[in-house]
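Protein chains: 2
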Amino acid sequence: MSKSLITAPIAGFPEFLPGEQIEFDKMLNVVRRHYQAAGFTPIETPSIERMETLRAAKAGDEVKGQMYRVARNLDESMTDYGLHFDLTVPFARYVAQHRTATGANNQPIMPFPFRRSQIQKVWRGEKTQGGRYREFYQCDIDAIGDGELSHLVDAEIPYVMYGIFKELDFGPFMIRINNRKILQGFMANLGLDLDQAKHAMGILDELEKVGIAAVTTKLNDAFSLSEADARKLINFMQSQEGKTVDESLKFLHQQGIEGLFNAGLVELTEMIEGMRLWGVPESVFCIDLTIARGLDYYTGNVFETKLINHDIGSICSGGRYDELAGQFTPDQAHLPGVGASIGLTRLFPRLVKAGLVNVDRQTVADVLVTSKDHDQMPQYLQIAKDLRDAGIRTELFTEKTPEKKFFQRQIKYARNKGYPLMIVASTDDIKAGCVKLENPQTGESTSVVFNELVEAVKARL
Amino acid sequence: MSKSLITAPIAGFPEFLPGEQIEFDKMLNVVRRHYQAAGFTPIETPSIERMETLRAAKAGDEVKGQMYRVARNLDESMTDYGLHFDLTVPFARYVAQHRTATGANNQPIMPFPFRRSQIQKVWRGEKTQGGRYREFYQCDIDAIGDGELSHLVDAEIPYVMYGIFKELDFGPFMIRINNRKILQGFMANLGLDLDQAKHAMGILDELEKVGIAAVTTKLNDAFSLSEADARKLINFMQSQEGKTVDESLKFLHQQGIEGLFNAGLVELTEMIEGMRLWGVPESVFCIDLTIARGLDYYTGNVFETKLINHDIGSICSGGRYDELAGQFTPDQAHLPGVGASIGLTRLFPRLVKAGLVNVDRQTVADVLVTSKDHDQMPQYLQIAKDLRDAGIRTELFTEKTPEKKFFQRQIKYARNKGYPLMIVASTDDIKAGCVKLENPQTGESTSVVFNELVEAVKARL
Numbered sequence: 001m002s003k004s005l006i007t008a009p010i011a012g013f014p015e016f017l018p019g020e021q022i023e024f025d026k027m028l029n030v031v032r033r034h035y036q037a038a039g040f041t042p043i044e045t046p047s048i049e050r051m052e053t054l055r056a057a058k059a060g061d062e063v064k065g066q067m068y069r070v071a072r073n074l075d076e077s078m079t080d081y082g083l084h085f086d087l088t089v090p091f092a093r094y095v096a097q098h099r100t101a102t103g104a105n106n107q108p109i110m111p112f113p114f115r116r117s118q119i120q121k122v123w124r125g126e127k128t129q130g131g132r133y134r135e136f137y138q139c140d141i142d143a144i145g146d147g148e149l150s151h152l153v154d155a156e157i158p159y160v161m162y163g164i165f166k167e168l169d170f171g172p173f174m175i176r177i178n179n180r181k182i183l184q185g186f187m188a189n190l191g192l193d194l195d196q197a198k199h200a201m202g203i204l205d206e207l208e209k210v211g212i213a214a215v216t217t218k219l220n221d222a223f224s225l226s227e228a229d230a231r232k233l234i235n236f237m238q239s240q241e242g243k244t245v246d247e248s249l250k251f252l253h254q255q256g257i258e259g260l261f262n263a264g265l266v267e268l269t270e271m272i273e274g275m276r277l278w279g280v281p282e283s284v285f286c287i288d289l290t291i292a293r294g295l296d297y298y299t300g301n302v303f304e305t306k307l308i309n310h311d312i313g314s315i316c317s318g319g320r321y322d323e324l325a326g327q328f329t330p331d332q333a334h335l336p337g338v339g340a341s342i343g344l345t346r347l348f349p350r351l352v353k354a355g356l357v358n359v360d361r362q363t364v365a366d367v368l369v370t371s372k373d374h375d376q377m378p379q380y381l382q383i384a385k386d387l388r389d390a391g392i393r394t395e396l397f398t399e400k401t402p403e404k405k406f407f408q409r410q411i412k413y414a415r416n417k418g419y420p421l422m423i424v425a426s427t428d429d430i431k432a433g434c435v436k437l438e439n440p441q442t443g444e445s446t447s448v449v450f451n452e453l454v455e456a457v458k459a460r461l
Numbered sequence: 001m002s003k004s005l006i007t008a009p010i011a012g013f014p015e016f017l018p019g020e021q022i023e024f025d026k027m028l029n030v031v032r033r034h035y036q037a038a039g040f041t042p043i044e045t046p047s048i049e050r051m052e053t054l055r056a057a058k059a060g061d062e063v064k065g066q067m068y069r070v071a072r073n074l075d076e077s078m079t080d081y082g083l084h085f086d087l088t089v090p091f092a093r094y095v096a097q098h099r100t101a102t103g104a105n106n107q108p109i110m111p112f113p114f115r116r117s118q119i120q121k122v123w124r125g126e127k128t129q130g131g132r133y134r135e136f137y138q139c140d141i142d143a144i145g146d147g148e149l150s151h152l153v154d155a156e157i158p159y160v161m162y163g164i165f166k167e168l169d170f171g172p173f174m175i176r177i178n179n180r181k182i183l184q185g186f187m188a189n190l191g192l193d194l195d196q197a198k199h200a201m202g203i204l205d206e207l208e209k210v211g212i213a214a215v216t217t218k219l220n221d222a223f224s225l226s227e228a229d230a231r232k233l234i235n236f237m238q239s240q241e242g243k244t245v246d247e248s249l250k251f252l253h254q255q256g257i258e259g260l261f262n263a264g265l266v267e268l269t270e271m272i273e274g275m276r277l278w279g280v281p282e283s284v285f286c287i288d289l290t291i292a293r294g295l296d297y298y299t300g301n302v303f304e305t306k307l308i309n310h311d312i313g314s315i316c317s318g319g320r321y322d323e324l325a326g327q328f329t330p331d332q333a334h335l336p337g338v339g340a341s342i343g344l345t346r347l348f349p350r351l352v353k354a355g356l357v358n359v360d361r362q363t364v365a366d367v368l369v370t371s372k373d374h375d376q377m378p379q380y381l382q383i384a385k386d387l388r389d390a391g392i393r394t395e396l397f398t399e400k401t402p403e404k405k406f407f408q409r410q411i412k413y414a415r416n417k418g419y420p421l422m423i424v425a426s427t428d429d430i431k432a433g434c435v436k437l438e439n440p441q442t443g444e445s446t447s448v449v450f451n452e453l454v455e456a457v458k459a460r461l
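Which chain is which? The protein sequence lines are A and B, in order. Reminder that position 44 of the first sequence reads as 44 in the numbering used here, one-by-one numbering, no gaps. Reminder that position 454 of the second sequence reads as 454 in the numbering used here, one-by-one numbering, no gaps.
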């Protein structure tokens with residue numbers, strides 16, 4: 001077998017080195033803590049779903065072509081199951097499936113509104129240019145109501161995200177908010193019916209990517225929308241750049257468009273008011289009418305979040321989807337939902353490259369117990385055991401090392417792994433009842449007697 | 001779309017309800033903490049691997065037929081990629097691929113021995129009878145050395161597992177240890193060559209499942225081993241039931257078989273001595289010569305762990321694999337490894353069923369802030385915000401509720417979710433500057449003024 005065949009990376013499937021993984025996990029833990037602090041209970045769903053479920057999501061055509069199919073062996077049909085491409089669709093299916101579940105005392109296990117968090121990998125066979133991955137983490141929070149769901153939840157979700165981005169400290173960010181009904185209402189005024197307007201969202205979502213001319217052509221091809229009307233729509237969408245939230249709200253009210261447009265404006269206003277109540281500062285959010293979102297299931301408020309200093313697209317986006325979960329119920333129940341997702345996988349390598357994350361520490365342990373003289377291994381082992389029993393994360397160097405190779409093999413091991421602390425003891429040290437506590441990076445060393453070791457290590461950490 | 005089509009569970013792909021997921025996550029966190037305490041640094045690998053990689057693992061025929069293939073769309077070949085069926089093979093590939101990686105100062109990032117932990121889902125298309133799943137978590141620790149790897153690590157791994165099972169407190173368990181070289185050496189004495197003896201391990205692994213007669217027949221069919229010799233082998237394997245470790249070691253020495261058998265006995269003895277040094281009590285481990293392990297990549301010490309009170313097969317198994325990682329290197333480097341895996345997914349539903357895990361709490365939040373009078377929402381929201389800012393996990397009930405439905409919708413919501421604490425405030429309460437702190441399960445209630453609320457809640461948790 002050739003090397004290139006077996007050990008080359010698979011394009012689009014990221015794999016981190018230990019120091020990177022440690023820092024990546026820390027970020028996921030920050031996200032997890034904030035999600036749970038706001039009462040979004042963690043769930044997990046299987047990695048695969050029926051293709052019917054994934055298709056019922058009415059995801060855009062783009063995502064449909066990116067789905068990964070799965071089959072148990074070569075004989076099985078590949079058309080039955082696929083890896084999930086997001087966590088919103090599985091969550092909607094989960095709620096529809098389990099909403100009537102009851103506990104030991106017949107009490108409903110999932111009283112509404114049901115708020116959940118979900119942090120799992122998802123798969124999309126995207127082009128791998130531009131740092132896009134085909135397997136990546138999504139970190140989601142969502143709520144689904146039974147019959148109703150307050151737009152206060154639309155506001156609470158970006159508030160939670162705001163807390164996360166403040167703590168993660170990637171630099172300034174902007175939450176760009178819109179409401180799909182506003183765009184659809186505007187299009188109704190231009191003569192498009194509701195189905196057409198909904199379908200147009202996928203085209204409008206590409207405005208930033210493909211430009212005004214291409215979107216104009218596509219709108220004309222799909223709905224016979226005149227160039228003048230298309231320009232009108234695009235001008236409207238781009239009109240709020242640089243405006244404050246209040247200026248944008250005023251502008252939208254001044255349009256004086258009733259019906260769907262106004263319904264969207266009411267929802268958007270409620271969301272904005274909620275965000276202000278939650279204390280999200282005006283400096284981190286704005287109304288941006290170009291936000292359309294690529295997934296077809298969104299119905300109302302939508303948002304995307306961009307880091308000001310990193311050109312990597314949205315790192316946190318979401319919105320309201322009032323018709324998704326109901327589809328999975330036999331009675332087509334009204335189960336409105338809202339949620340958002342953070343994508344950290346794509347961001348992470350850029351943070352590393354920009355030097356914003358320190359990935360030099362290749363170990364989660366706090367201290368390395370070296371083994372200078374293999375004959376003393378029972379003593380080294382006992383030291384490691386004592387430290388672990390005291391709650392100190394400890395690695396024991398187990399390999400027999402000739403004395404003259406001790407520096408090369410063990411000290412350098414501690415240094416390369418980024419250990420801040422190691423324990424070194426010769427046979428003489430052990431006979432004298434003491435060990436040396438050393439910083440392998442600086443060579444700084446102190447002698448400590450056995451029964452003070454645990455405290456001495458704790459004091460250094 | 002019919003209900004059965006869309007929302008029925010997919011056989012073999014487990015999905016937990018919120019209260020179950022919360023408890024399952026706690027277990028995973030116990031495992032994670034112990035792994036990291038022993039200096040096994042966390043990594044993750046992609047869910048898919050090249051089929052060449054998965055096949056190079058020389059996994060048994062059984063696993064090979066269970067692999068899930070993946071393809072990006074219907075036109076792509078399904079023969080290129082598969083979901084990983086364990087974490088050992090991906091880890092071995094990871095080490096071979098990254099072993100020469102260097103950091104910012106050109107220092108090796110992965111000095112050997114490399115110790116890692118890995119907690120991810122794996123996929124095997126097994127028959128779904130007997131509570132077997134097709135998607136389940138494996139929680140692995142492994143170490144791989146460059147050229148050498150002390151058998152002290154073979155001992156350290158069951159020591160870490162012992163600490164985990166003690167804390168998880170599932171009841172008594174037994175770590176059953178063997179060494180494949182002992183069985184292979186015994187078979188050499190019966191006239192089988194090494195390749196035959198290695199191949200026979202897969203047959204012997206099924207002894208417990210299919211019985212003596214079937215194994216005897218299979219050994220005869222495959223290697224023309226006489227029935228008498230097959231009986232001799234099986235008798236040898238079954239001879240140590242009920243014996244102490246020292247009795248078994250003495251028995252093995254008394255066989256006086258040199259070569260491979262003796263090499264295995266030396267490795268086994270080193271492992272046992274190491275476990276004693278680490279303080280693993282004799283009551284939780286034994287030598288069991290029937291342990292063969294189903295995966296072909298094992299080369300030396302192997303073990304399986306059974307819970308005494310639960311008949312669900314091995315919940316933690318592993319062993320030594322000295323030839324796996326080297327296969328992925330162009331120079332066929334000697335990269336010996338050892339590790340083990342805990343499988344909690346299959347165990348968990350049984351623990352729930354046996355009442356050993358309490359899954360009544362459907363929320364990770366500590367307190368629910370109810371909203372009795374929707375007009376006072378800004379005040380309720382402020383209370384929730386203050387509690388969260390103080391580090392208390394808090395959910396706000398957001399839905400407008402008619403006064404006469406307050407009990408039915410909000411108090412019952414708190415009760416069904418298993419909240420130990422909720423905050424109730426009428427408009428009058430808020431005007432008076434206080435709220436009620438209630439236990440929704442018992443109805444017990446105390447009045448607290450606003451600026452003492454955070455402390456009062458903390459005191460209750």
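Check each hint, because a few of them may be wrong.
Because identical chains cannot be distinguished in the list, a pair is counted as satisfied if it fits within a single copy or across any two copies.
[To be verified] 30 Å max Cα-Cα, derived DSS-like pairs, lysine-lysine:
no.: 1; residue 1: 218; residue 2: 385
no.: 2; residue 1: 250; residue 2: 385
no.: 3; residue 1: 250; residue 2: 400
no.: 4; residue 1: 121; residue 2: 64
Worth flagging that the hints you see were computed from the coordinates, not collected in a lab.
We went through each hint and held it up to the structure:
1. In this assembly of identical chains, residue 218 and residue 385 lie within 30 Å of each other by CA distance neither inside one copy nor across copies; the values are 68 Å within and 46 Å between.
2. For a Cα distance limit of 30 Å, the shortest separation of residue 250 from residue 385 across copies, 29 Å, qualifies, whereas the shortest one inside one copy, 67 Å, does not.
3. Taking the shortest alpha-carbon separations for residue 250 and residue 400, only the inter-copy value of 27 Å comes in at or below 30 Å, while the best intra-copy value is 75 Å.
4. Taking the shortest alpha-carbon separations for residue 121 and residue 64, both the intra-copy value of 18 Å and the inter-copy value of 25 Å come in at or below 30 Å.
In this structure, the one hint that does not hold is number 1.
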